[in-house]
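The hints should help you fit chain R onto chain E, whose structure is shown.
Protein sequences appear in the order of chains E and R.
Under the working numbering, the final residue of the first sequence carries the number 167; numbering is consecutive throughout.
Under the working numbering, the final residue of the second sequence carries the number 148; numbering is consecutive throughout.
Treat the hints as calculated values from the structure; they're not laboratory data.
Backbone N, C-alpha and C define an ideal beta-carbon position, used for all residues, glycine too.
Watch out, some of these pointers could steer you wrong.
[What the hints assert, rightly or not] Below, in silico cross-link-like pairs of lysine-lysine (DSSO-like), each with a Cα-Cα straight-line distance of 27 Å or less:
(1) R:K2 - R:K42
(2) R:K57 - R:K73
(3) R:K73 - E:K83
(4) R:K20 - E:K83
[Unchecked claim] Chain E side only, calculated, beta carbon under 7 Å to chain R, not exhaustive:
(5) S8
(6) M9
(7) P53
(8) T59
(9) G73
(10) T98
(11) H101
(12) A145
(13) A148
(14) F149
(15) N152
(16) L156
(17) V157
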Amino acid sequence: MIFVTIGSMFPFDRLIRLMDQWAAAHPSEEILSQIGDGTYIPEHTPYERMMTPSAFRQTMDRASLIVAHAGMGSVISAAEIAKPIVLLPRRADLREHTTDHQLHTAAWLRDRDGIFVADTDQDLRVMIDKARAATLAHAELSPYAPEAFIRNVRDLVAASRSRRSSK
Amino acid sequence: MKVLAISSAGGHWVQLRRLKPAFAEFDTAYASVFPAYADDVKGHRFHTFDDVSRFHKERLLTVPFQLLKILLKERPQVVITTGSFPALICLVMAKYLFGSHTIWIDSIANCEQMSTSGRNARRFADVWLTQWEHLAAPDGPGYLGAVL
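One chain only, chain E, in its complex shape (with noise of 0.2 Å):
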């Protein structure tokens, strides 16, 4: 199963017609779609607006491949269950997203094991392609940050009692 997700903020509607394009020409794959508030239904793929976590950690265990906008959210929960996922990062200029960090994020991402970048419309089929061939053996990523991260902010917390106290 592919699941396409475009986040829990703006509608990303040029991803979900894509994905509905290419669920056409591939009427055997079963997809399903989180479109959010988006304004274009998908005709070829069963759709859900909005998961609840629970729910969105169940389908992203099921699929095989995740497709997605190039969100963080989207890319430490595949990361997070070591499955492959295709960015498509939303741009400023289309009112996708009010800046274009999502393009900055996947420049980032590119080269990481089981992150597969398209850059244009044209490139998603190619990444979906990409991926599915793809034979990842990448670990799952910790459900929690790096143990020095941890510490540093859990010090910062504590260290703001004692500030308090010595006023």
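Coordinates of chain R only, in the frame set by chain E:
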């Protein structure tokens, strides 16, 4: 120690979730956009507010009241966030109305420059952090690591 850990939905929340062990020993409440996120922080108080962005400016009128209600209930000594615009509003109110210690950790998604809210948080955050070493500067933002 009363801590309020707050962020909007999606990637900001996923990053906050990755920091959960850092808040384990404190009396921590969480706040975000979707009620179902309560499942991610079982055993903690959880509050919700609406998301605001430059695409949803009309909510600027209601969201501060929602955040104020959360702050009145929690009266946190520390407010910590992984970013987003509503979290910035919360930080400002917490600092000036409740004297909270405020900690801003800019989202890891902002790898070329701090987010707009992140740049604006400079004046209101007692601790002002980026998750990118190359964006850190001697006069801030600081860098203490990243959620990945």
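Hints the structure fails to honour = 3, 8
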